Structures are given as structure tokens and as C-alpha cells.
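Peer 1: Sequence:
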Amino acid sequence: MAKKVSKRVKTLNGFMKWIEQFNDGQYLFRGVSKHTYKLEASAYRRLPETDENNSARLLKINRELINKARLLGHDRKDGHYLSDLELLSELQHFGAATCLIDFTRSAQVALWFACQQSSTGEANGKVFAMRSDDPAIFRTITPELVTEKNIEYFFQEDELGRGPLYQWQPKQQNNRVIAQQSIFIFGGSEIVAAAECVILKSGKLEILDSLDNSAGITEASIYPDFDGFARQHAQNKPYIEPNVQGYLQRGTESHLEGKLDDAIVYYTEVISLQPDVLTLSAAYTKRGNAYRAKGEVDRAIDDYTKAIELEPNNAEVYRLRGNAYANERDFDNAIEDYSNVIELEPDDAAIYNKRAGTYVKKNDLDNAIEDYTKAIELEPNDTPVYNRRANVYFQKGEFDDSIKDYTTSIQLKPDHTYAYNGRGRAYSKKGEFDNAIRDYTISIQLKPDHIYAYNGRGNTYRAKGEFDNAIRDYTTAIQLQPDDPYAYNGRGRVYRKKGEFNNSIEDYTTAIQLKPDDFYAYGGRGRVYTTKGEFDNAIKDHTTAIQLQPDDPYAYNGQGIVYTTKGKFDDAIRAYNIAIQLRPDYAKAYYNRGKARLYLQEWEEAKSDLTIAEDKGVDITTEFHNDYASVEDFEQKTGIQLPPDITEMLTE
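Under the working numbering, the final residue of the sequence shown carries the number 638; numbering is consecutive throughout.
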């Protein structure tokens, strides 16, 4: 696992950039309002410093807390007897200091807590990130353990005096637990964070506003239960008239609860009151977000446009409208909006990434590379951007540059399985099969269920002629994902090359059943039927492939081969003509058309096609001798006398 980076931020964008590194597993987050707070249970704060990390003392005060609560009759809820853990959870909910440490699966929720004001005044906050999917560190609590075991069970130490750490998500989840995506961590061992992010006090208010605008995370959403409602209306909270700000807040709360129509009503009410420009712009933006969430993208774009008219320098609204355009595949307008964001925020690497991705969808690969390059200049250690640029280089056929970027990505993150997989693809395209197989193998070692790596290695083994190894990899991919037609196509192709035609047909047929519009599978099965002499089935499959993908030259070439075999040479030539129109450098199609013209005794045209095929790399003599033992064999079987110049071309 690559070492994680700690950081200091004062904006939501900066924080989101920090959490991008946590994509190699499952992580939990905890936010605290003061950066000097430690990653420890609140009960520790009741103990003197000399007892810091003393698990025995921690257990003692929690046992006393449980006993006192039971003595006072606080150990029942809704007629249900609460176990030790359940009772501690309830006590923690109402503010008691316990051994339970609140974490959340949402980094943004943790950020909200970190942006709260410290009880001691203004202070920097902090977000802790902790990896949670390591079974060597954490044990997961089952419902049986919750109900059957007392608190002492969870603090038992091993022979080295170490206590385990547990993670527990209560079965009976209230609205607050759901809203906060809460999970408890507790136990006798010291908790070590993977990384920390300090939230500068000068940015707390701006971040809270950004969390509200972009994700609807507010005090009302964090505390949606009765207790939270009361908290929002405590004596230290100002009374809010149900006017502009009140309606705006209600709209945000409704949106968060999934009540989009209600949210739109509230935002519309704000707009009708014609408040100040900034509030009106916010209302249009939020209503646009609600419309977009409903799938009414045109209305969303209209609202974003009105917000931009009110605030022409608001980069975030351009970004939102650009995203909406991109979702509608209106890439030109999306790019224009992303460009406006870049003018306003020229140092924002994320927007260069966004625009680059849109250029890729337009197949404007050069501009995509230019934007990814700019993003890398701004964030030179951003591993995913190197992968994205490598993918574009791969699409352009610039495999050396692709390999270079994947290599940089691997240097930055040595356990990046997808970078090894991508570099393997590039090596395979270059014909460096051993390097490709090495990279695919590392990718599989890092992620044993990586089906793309198995398929890629299978493709490379197939290209090397190691058919048994290829079949083994495709079979593993199928076992990992039985509904993926790609591996069936690959294995079907290898079976065809091995001459195992029935197995090949079976795999292609399965691919078609899984994906009825899979023109590759129809084309592959058509070639097998041709080899078996089942020409009607072959024609049917190639015709279906053409109907599904009218610009596929290989299907027309396959159709031409069948027509040639059946003696329908004019039909064959028509099919080859289309294949060549679709792909002017299709050498095999030139050879096949030239061969068909031999049967029609169109000597000059045949000679021209055979010459072009040879110039493009086809060994026409070997290809001809795959069908006929010699020129004499051809002449004897067809009754056609070849001219001397063509005879010379086809003679070894």
C-alpha cells in the first residue's frame, strides 16, 4: 500500500483532492473541531494523562458507566433489554463519554464535523483517515457478539498484552446514524491513522457553505432526528423567519431527503421573493441541481444559465452546467463551460481533467493530451492523471508514450494494479509479449480477481500462439464473471485457432446469449461456420454482424470469404469492396478480392489487388498455398489457366 499524504487545506476542493488518494481499499473518517485532539475515545479525556492509552482503565470506567445506567433503569428501550454495547451506544448518542469512537464512511461528513467551532474558541480542525478492511487489525462484530458478550469480552488481551480493535455498525440504526453513515471503532489497541488533514480555521465557514451548496450537508441533515431538531432550535440558535433563507434551507433539507419536488417548490418560492443577487443565484443553482437529480436536464441547464447571468464569475455554476451538458453528450457546450471555469480558476487541476475527459468523448485526443499535461503540471504527483493520459496515448497508437506514463504512475504508486494492466496492453500492442505478460501477472498478483488482466494476458498468450495458456486465463475470467461476453469471445477465438470448432461455436453462442448485439461474436461464429463448411449459417451470422455494426470491415470480409467458397464471386467482390472502403489499408481484404477475381479471370484487377496486398505485408504465396498445393493444383481444380505473370507471383 502506498504511503498516504497528510495535508493542510482551507477549501472543499483542496479536501476533495486530498481524499482521492484513498482509492486502494475501504477507509473510515473522523472529524474533530480542534487539530490537537487525538484519535482516541472520549472516555480517555476523563482520565489523567498518566493513564493515556491504558486499556484497563478505559474498560473500568465504561463498566462503571454501564452498571450505573442499569442501576437507574436506563438499560431498556422499546421493551428491549440492551446489551453492554447497545447501552454504550445509547449513552454515547446522548453525550456520555464512552469507549466508542464515532467514525463515518463519508469523508465529507467528517469534514463537516471538523469545521465546527471548538468549545475553546477558533481553532484549526482535523480529519483522520483510517483504513478499515485489514482483518489483521480490525475485527467485525456480529449481531451474536453484540447480544451475547459483555464489554470485558472485547477488551481481552493476547499473550503479548495487546487488545484487538473492533468495528461495529449497530443493527438498530436511527436517522442520525444513517445520515452520518456512522460506524463505531473501539478496543484496547492504539488506533493509528493512515493520514490526517488539518482544516485551517480561516476556511471553516467557506467549507461549510460549500458542503451545503454542493452536497446539502448541514446541521439539519447531520442531525435529522428529534434530538437534532431540538439542537437546531436551542437558545444559542437564532430564530429564522420562514422567508428567503428559511425556504432556501427547507429546500436543501428536502433535496437531501430525496423529496425533489418539495425542494423545487421551496427554491421557486425563494426566486419569487426576488432576494439579493447572491441568494437568487444560489436558489437557481440549487433548483438546477434538483432538476438534474430528477433527470430534467434541460430545466437544470436553464436554471444554471440564469444563475450565471446573475453571477458571471461563479466558476462552480459553469462547472455544474458543463457537467449537465456532458451528461446530455453536448460536448461542445460542456467544453465551453469548462473553459470558462479555467479562465476563472486557472490553477484548478480538476477542471483540466474534466475538460480532457470531454475531449476524449469527442475523440479530440490531441486536446485531451494537452489538458491532461496541464493537469500534471499543476499536480505532478496525481497518479490517475498519468493513467488517463496513458489511455489516450494508447488510443492514438502512441504506445511508447503510453508506456512511459503508466511507468510514472507505477513509480508514484507501486501497487497500482490498473497501471500494470494498462502498460501490459501497450506492451502487447507493440509485440513485446513477454513484457506484457509480466505486467498482467503483477496486476493479477495485486488484485487476484482482476478479470481485465486475465483477459489481457489471455489475448497476449493467444498472440504468442500459447493457446492452452490463453484458454486457462479466459476460463479464469469467466469463473470470476460468468456474465461477461468478452472472455467467451476470446476463448472462442482460441478454440477456432486450435481447430476445436464445436467448443468455439459454443463460446461464441454464449457470448451472443449474454449480449445479443455482440457483432464480434456473430463475426467470429460466422468464420467458424465457414471453416466447417456450414455456409448458410456463416452467411446468416456475418449478415447479422453487419446489421448490428454496418461499418465493421471484418464482417464484410468474412461475408466475402463465404461467398467465394460458395462460388458467388460477384457477391464476394461486392463485400470485399465495402470492407476496403471502410478500411482502405485492409491488406487481407485486397488479397481475398484478388483471389475472387482469379475465378472471374479479371487478370489485371486480380494482379492489382494481389500486388497491393503484398505491398501491405501479406505473404500472398503462403496464403495461396494454404488453399491450393500449387498453381497447377488450382488450375486442375478450377479449369482456369493463370497468366504467366500471376503464376510467377503465386509461385514460391
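To be clear, the hints were calculated from the coordinates, so they are not data collected in a lab.
Note that the structure is predicted; figures quoted are calculated from it, not measured.
A few of these clues could be false.
[To be verified] Computed Cβ-Cβ distance ranges for the label pairs, DEER-style:
(1) ASP613 <-> LYS484: 29 to 39 angstroms
(2) ILE164 <-> HIS66: 15 to 25 angstroms
(3) GLN533 <-> ASP571: 44 to 54 angstroms
(4) GLU130 <-> GLN499: 25 to 35 angstroms
(5) ASP537 <-> LEU466: 41 to 51 angstroms
(6) ASP318 <-> ASP247: 27 to 37 angstroms
Don't be surprised by glycine CBs; every beta carbon is placed ideally from N, CA and C.
Peer 1: Are the hints correct? Go through all of them and say.
Peer 2: Verification of the supplied hints:
| no. | hint | result |
| --- | --- | --- |
| 1 | ASP613 <-> LYS484: 29 to 39 angstroms | violated (20 angstroms) |
| 2 | ILE164 <-> HIS66: 15 to 25 angstroms | holds (19 angstroms) |
| 3 | GLN533 <-> ASP571: 44 to 54 angstroms | violated (25 angstroms) |
| 4 | GLU130 <-> GLN499: 25 to 35 angstroms | violated (43 angstroms) |
| 5 | ASP537 <-> LEU466: 41 to 51 angstroms | violated (32 angstroms) |
| 6 | ASP318 <-> ASP247: 27 to 37 angstroms | holds (32 angstroms) |
Violated hints for the displayed structure, listed by number in ascending order: 1, 3, 4 and 5.
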